[in-house]
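Asker: In case you want the letters, here they are:
Protein chains: 2
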Amino acid sequence: MEKPAETTYEISDLIKRRWSPRAFTQVPVAAGQLHSIFEAARWAASSFNEQPWRFVVATQQEENTYQALLACLHESNREWAERAPVLILSVAKLNFDRNGKPNRHAHHDVGQAFANMAIEATHLGLAMHPMGGFDVDKAREGLAIPDDYDPVAMIAVGHPGDFDSLPDAFKTDELAPRTRNASKDFVYSGKFGEPMPFESRVKRALMGD
Amino acid sequence: MEKPAETTYEISDLIKRRWSPRAFTQVPVAAGQLHSIFEAARWAASSFNEQPWRFVVATQQEENTYQALLACLHESNREWAERAPVLILSVAKLNFDRNGKPNRHAHHDVGQAFANMAIEATHLGLAMHPMGGFDVDKAREGLAIPDDYDPVAMIAVGHPGDFDSLPDAFKTDELAPRTRNASKDFVYSGKFGEPMPFESRVKRALMGD
Chain A
0 MEKPAETTYE ISDLIKRRWS PRAFTQVPVA AGQLHSIFEA ARWAASSFNE
50 QPWRFVVATQ QEENTYQALL ACLHESNREW AERAPVLILS VAKLNFDRNG
100 KPNRHAHHDV GQAFANMAIE ATHLGLAMHP MGGFDVDKAR EGLAIPDDYD
150 PVAMIAVGHP GDFDSLPDAF KTDELAPRTR NASKDFVYSG KFGEPMPFES
200 RVKRALMGD
Chain B
0 MEKPAETTYE ISDLIKRRWS PRAFTQVPVA AGQLHSIFEA ARWAASSFNE
50 QPWRFVVATQ QEENTYQALL ACLHESNREW AERAPVLILS VAKLNFDRNG
100 KPNRHAHHDV GQAFANMAIE ATHLGLAMHP MGGFDVDKAR EGLAIPDDYD
150 PVAMIAVGHP GDFDSLPDAF KTDELAPRTR NASKDFVYSG KFGEPMPFES
200 RVKRALMGD
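Protein sequence lines correspond, in order, to chains A and B.
Residue numbers for the first sequence, in numbering that gives the first Met the number 0: 0 to 208.
Residue numbers for the second sequence, in numbering that gives the first Met the number 0: 0 to 208.
Just chain A, with the same shape it has in the complex:
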């Protein structure tokens, strides 16, 4: 199943096709595919090239870690994510290696790395579903995350599957259209809250300005 974004302006194919399904097939994710996904994370930008991203990964075959990750999820996520061939916990290193000071971009840069991974997964015919709905303290304890690191997001990975394989409660969400705010609601010029004039710019562009 694919669910490409219905875009207002043209964007590149992989960004358009990336989405977060809940239904996955039982086809395993190959080791080489995981290597490429983490390689994509590796080349994200980061503040002072700190690369504050860390990942704890488990396939269904690595049962102890897989179950430890699954146990952290809120029930509403566990019900569908327990079929994902791979689970990942993303983790942020909170202080800089270079001087031990707090890195205010730690979570931001983990987000960059994850976005690269999701694009790469799309390229490989896979999909990733990031989840904020998990017990952070349980993840810290269950996965032995040190104090100066933060558990950030749980991620399900696999080949997108048929929505029919989902528990009934999730079928509606899986089939619902993808929605986003309009660009004018989050892109400002002049000052904060004042929309960039998307429409008039398009008109000017059409008029050869």
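By construction, these hints were calculated from the structure, which means they are not laboratory data.
Keep in mind the model is a prediction, meaning the values are calculated, not measured.
Cβ coordinates follow ideal geometry from the N, Cα and C atoms, glycine included.
Some clues are possibly wrong.
Now the stretches of chain B that chain A is said to cover, found in silico as 3 or more residues with beta-carbon under 8 Å [said to hold, decoys possible]:
#	segment
1	1-8
2	36-46
3	50-62
4	102-115
5	139-145
6	170-183
Here are the simulated lysine-lysine pairs, DSS-like style, with alpha carbons at most 30 Å apart [what the hints assert, rightly or not]:
#	chain 1	residue 1	chain 2	residue 2
7	A	Lys2	A	Lys170
8	A	Lys15	B	Lys92
9	B	Lys190	A	Lys100
10	A	Lys183	B	Lys92
Following the hints, complete the assembly by docking chain B onto the known chain A.
Answerer: This is chain B only, laid out in the frame that chain A set:
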């Protein structure tokens, strides 16, 4: 100038080619290109589809805002970024629309949106350079960012240019090889800090396992 990542494992072309140059040509960024870049941000994933990303954008023609953004940069960034045709401040909305509670993924999800923008810029023959080196308080004041939002990163945008156009102090950095930690240093299995066995997995894969 291009500077593709020297990857250990295969990754998709746009992720490989994305990088953060300091040298930009004086060719303006077209309105349509900005539309596509923000459209790419629009389709990033976010916790509860909150879409906590906001952007204040200025081309060199929008002089007041451009100068207000430029004035926030640390001197070491301003010296090269003042030639960029477009400057952007990314901003995180800290509380959920749905219930006003803190969104612990706000910065993370702004990072996802930015990564999408950087990929789209690469697709368009442009490049983006995100900067943590700016005065957050000055940005909050100068761009009138409300209390429940955080200035996150300053971003220079343009067509990658010739490193010869840079002040001497930056030429070495611009030409230096891009470096990253090895995957085994940030991807763990079993428990935090225990590297995922990248090498042995590759060997097994080659042996048909």
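Asker: Against each hint, give a clear statement of whether it holds in the structure.
Answerer: Going through the hints against the structure:
1. 1-8: Coverage by chain A holds for the segment 1-8 of chain B (4 residues, Cβ < 8 Å).
2. 36-46: This one holds; 9 residues, not fewer than the three required, reach chain A with a Cβ under 8 Å.
3. 50-62: Result for this restraint: holds, n = 8.
4. 102-115: Coverage by chain A holds for the segment 102-115 of chain B (12 residues, Cβ < 8 Å).
5. 139-145: holds (count 4)
6. 170-183: holds (count 5)
7. A:Lys2 / A:Lys170: 14 Å, holds
8. A:Lys15 / B:Lys92: 24 Å, holds
9. B:Lys190 / A:Lys100: With Cα atoms ~25 Å apart, Lys190 (chain B) and Lys100 (chain A) stay inside 30 Å; holds.
10. A:Lys183 / B:Lys92: Holds, at about 16 Å.
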